[in-house]
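Chains as they are written, first to last, in my numbering: chain Z, 2 to 429; chain B, 2 to 429.
Hints were generated in silico from the structure; no laboratory data involved. None of the values given here were measured: they were computed from a predicted structure. Every residue gets a Cβ at the ideal spot worked out from N, C-alpha and C, and that includes glycine. Among the hints, a few may not be true.
Said to hold, decoys possible - Across the chosen pairs, the derived CB separations fall in these ranges:
#  : chain 1 : residue 1 : chain 2 : residue 2 : range
1  : Z       : 334       : B       : 273       : 47 to 57 angstroms
2  : B       : 100       : Z       : 323       : 41 to 51 angstroms
3  : B       : 43        : Z       : 85        : 36 to 46 angstroms
4  : Z       : 310       : B       : 235       : 22 to 32 angstroms
5  : Z       : 61        : B       : 325       : 44 to 54 angstroms
6  : B       : 228       : Z       : 312       : 44 to 54 angstroms
7  : Z       : 61        : B       : 251       : 28 to 38 angstroms
8  : B       : 52        : Z       : 322       : 32 to 42 angstroms
9  : Z       : 334       : B       : 334       : 52 to 62 angstroms
10 : Z       : 322       : B       : 228       : 41 to 51 angstroms
11 : B       : 85        : Z       : 253       : 39 to 49 angstroms
There are 2 protein chains.
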Amino acid sequence: MSHDDLLSLGAWVLSRRLARRELSAETLVRACLARIAEREPELQAFVVVDAEGALAQARALDAGALRGLLHGLPLGVKDLFDTAELPTAYGSPIYAGHRPAADAAAVALCREAGAVVLGKTVTTEFATFHPGPTRNPHHPEHTPGGSSSGSAAAVAAAMVPLALGTQTAASVIRPAAFCGVVGYKPSFGRVSRAGVKSLSETLDTVGGFGHGVRDAALLGAVLTGDLRLLQWQDAAAPRIGLCPTPEWPQADADTQATWAQAVAALAPLAAEWVDAALPAGFATLVPLHKAIMAHEAARALAHERLRHREQLSPALRSLLDDGLAVSGQVQAANQAAAAPLRQQMDALFARHDVLLAPSTLGTAPAGLQATGDPLFCRAWTLLGLPCVHLPFSRGANGLPVGLQLVGRHGDDHRLLAWAEWAMQRLVR
Amino acid sequence: MSHDDLLSLGAWVLSRRLARRELSAETLVRACLARIAEREPELQAFVVVDAEGALAQARALDAGALRGLLHGLPLGVKDLFDTAELPTAYGSPIYAGHRPAADAAAVALCREAGAVVLGKTVTTEFATFHPGPTRNPHHPEHTPGGSSSGSAAAVAAAMVPLALGTQTAASVIRPAAFCGVVGYKPSFGRVSRAGVKSLSETLDTVGGFGHGVRDAALLGAVLTGDLRLLQWQDAAAPRIGLCPTPEWPQADADTQATWAQAVAALAPLAAEWVDAALPAGFATLVPLHKAIMAHEAARALAHERLRHREQLSPALRSLLDDGLAVSGQVQAANQAAAAPLRQQMDALFARHDVLLAPSTLGTAPAGLQATGDPLFCRAWTLLGLPCVHLPFSRGANGLPVGLQLVGRHGDDHRLLAWAEWAMQRLVR
């Protein structure tokens with residue numbers, strides 16, 4: 002089997018072959034390294050590739066007992082996660098050459114499950130706006146999205162089968178959409194953020210990327226410790242609630258065409274296909290998210306703001322200044338305004354199994370100076386709901402586009418099963 | 002004024018004098034250092050005292066403009082918080098000599114407000130059970146409580162007017178009770194945990210210690226950015242809901258006597274004094290807390306569990322093994338069981354302004370091998386509610402004991418105002 006054929010299989014199928022010892026971890030790592038040698042000079046998805054370390058890890062795995070669900074699978078780690086063996090700069094010159102004392106919990110859990118940490122992937126500056134050098138694998142003049150830019154691009158280019166990311170506004174779903182891979186943001190609170198550089202206390206969420214839903218689910222099962230995430234087979238047709246959201250007029254023609262495509266493919270097959278009756282205050286979630294994120298960022302990055310202001314990008318300085326203008330009293334009021342919406346949305350899931358919503362305004366914008374608009378993800382992140390991006394379509398310019406499914410808090414396993422159900426019917 | 006008189010004033014009064022330049026930061030730091038020289042050899046509240054650094058900070062503050070609410074106030078920092086200038090070992094030999102790259106957000110915010118970081122205070126191992134060397138300032142053969150052992154002892158001995166702590170089970174309220182100071186645990190989610198060693202994703206809460214309620218409120222205002230926490234004057238008499246909790250039979254004679262004392266002092270003055278009608282499932286909160294904390298600890302400390310198991314205490318290894326036995330599926334069910342109790346408890350605050358509850362089984366137990374039972378704090382921590390320990394009484398053995406007030410989520414400012422109201426009537 003050629004390298005290309007091997008790398009096209011996705012993490013789930015690869016994990017089966019690795020577990021049966023039909024495929025060695027070393028062979029797979031070498032295939033990834035070969036792909037990286039081809040694509041990385043253009044894409045710049047990685048901050049560092051640890052070829053020697055990965056080969057050593059792979060050989061140790063091949064020589065030993067099966068470790069766990071990720072046995073032998075190469076993993077890209079967003080450079081927002083601490084790694085004891087690799088430098089960790091959080092996308093900022095302040096931390097150039099920084100070497101943490103420990104692996105982030107998510108990294109350690111993946112290692113425990115047998116993953117091979119292949120390298121650190123590019124993040125925007127502290128997971129905010131200022132982009133890194135990564136290019137979109139589908140068109141080098143377009144952004145890969147952010148902030149998990151390198152992880153999404155690396156999976157899209159099959160340089161790694163799986164990669165870790167985080168989402169505070171749209172940082173998993175948006176790069177997944179722009180790069181055409183599955184992105185999975187778990188329910189808030191389910192995955193340890195220990196050792197992940199904090200941006201926003203009540204929003205930051207660890208997630209990941211894979212080629213298909215089952216691949217992302219495999220990573221999700223390790224991150225959450227919930228093996229029900231692997232039960233994605235044979236889900237019954239879901240009751241789908243339609244959530245174009247109040248911001249729908251900002252969706253461009255590509256996203257509108259993608260929505261029409263979903264209607265044609267899924268409406269006849271879903272158990273129900275009805276507009277979701279969003280609570281009255283739903284449209285306030287976007288401005289609430291902005292204010293809450295700014296307030297929390299100005300506090301989480303207090304050390305950098307006070308000691309290294311000159312090394313922050315103008316965009317980040319501006320975000321932190323905005324955050325300082327949001328007092329703790331206003332923050333308390335904003336959180337109090339969001340809380341009942343979480344309860345009302347939870348009640349909505351009595352009528353719908355999953356919600357269908359746009360992921361992005363359209364395909365990846367041209368240019369590498371920005372990573373795209375997080376608009377369609379802010380509300381779901383603030384609500385803390387699990388989300389899966391479904392990469393099933395192409396825009397008029399040929400770049401990837403898709404939609405996201407949103408699940409009930411804590412129902413990640415059902416969400417992933419219905420995401421697999423949907424993808425099987427959207428991509429034929 | 003003698004050192005002793007000065008140090009007895011508490012942070013709030015000291016902050017007024019510092020702000021009016023009637024007292025210099027250097028004078029106050031020198032008073033604290035003198036007290037530390039007297040008491041620290043016995044108490045061992047500090048991991049490190051940075052005398053030279055603190056004096057340099059104080060002189061810079063005295064020479065410059067007023068910085069903020071904590072201008073010139075010496076601060077003890079639990080050694081669970083990262084500090085860029087001081088070693089940070091999280092109470093574990095694994096991190097002996099570790100020097101973080103940045104200050105934790107809470108530390109940076111206190112510095113921004115003008116606090117002088119005087120040193121790092123003893124924490125139990127990763128804020129769990131295994132104690133440090135700290136002794137109770139009221140009796141050297143008794144535990145100061147944990148995990149924020151050094152911070153509570155340092156404030157109780159007036160070695161610093163304020164200190165930072167964290168609570169995952171009882172780690173602010175219990176040492177405050179055993180050492181006879183005010184401990185304040187804010188509403189979950191309101192204070193950034195950036196740079197605080199993670200133990201439990203959904204439980205860890207940054208809080209602090211002061212001599213009186215207004216002192217702790219001053220620190221709380223900086224941590225939350227909510228200036229309403231300073232409006233503790235002239236609160237109207239509250240409607241007090243009585244919550245001895247289902248575990249009340251485990252309270253000893255001292256705690257029972259303290260409760261009777263509160264009845265005598267407060268019942269005639271409260272706007273209402275009635276039993277709180279706790280939701281049916283309230284008694285499940287203690288076992289839920291234990292299981293959730295264990296699951297999350299086994300994941301947050303995954304790196305230490307995998308790489309440094311031999312350097313973990315037997316008690317912590319046991320906790321992590323318990324946590325590994327709680328699957329992600331069980332964790333999801335436990336979180337789903339806790340969520341409606343949070344809503345039902347929130348509704349309870351329509352009828353009560355604050356809840357009165359025990360803090361500890363009794364006074365500090367004899368011995369330094371354990372830090373006491375967290376029983377009476379587990380439910381409130383799992384509910385995420387703000388808590389204030391009121392140190393108003395003494396047990397039969399002369400050691401401090403008191404009760405806690407619990408507020409509605411997000412109503413920290415009201416809770417602190419009623420805590421001040423209660424203390425003025427309990428201590429005459």
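Each hint, compared with the structure:
| no. | hint | in the structure |
| --- | --- | --- |
| 1 | Z:334 - B:273: 47 to 57 angstroms | violated, 27 angstroms |
| 2 | B:100 - Z:323: 41 to 51 angstroms | violated, 32 angstroms |
| 3 | B:43 - Z:85: 36 to 46 angstroms | holds, 38 angstroms |
| 4 | Z:310 - B:235: 22 to 32 angstroms | violated, 40 angstroms |
| 5 | Z:61 - B:325: 44 to 54 angstroms | violated, 22 angstroms |
| 6 | B:228 - Z:312: 44 to 54 angstroms | violated, 30 angstroms |
| 7 | Z:61 - B:251: 28 to 38 angstroms | violated, 50 angstroms |
| 8 | B:52 - Z:322: 32 to 42 angstroms | holds, 36 angstroms |
| 9 | Z:334 - B:334: 52 to 62 angstroms | violated, 33 angstroms |
| 10 | Z:322 - B:228: 41 to 51 angstroms | violated, 19 angstroms |
| 11 | B:85 - Z:253: 39 to 49 angstroms | holds, 45 angstroms |
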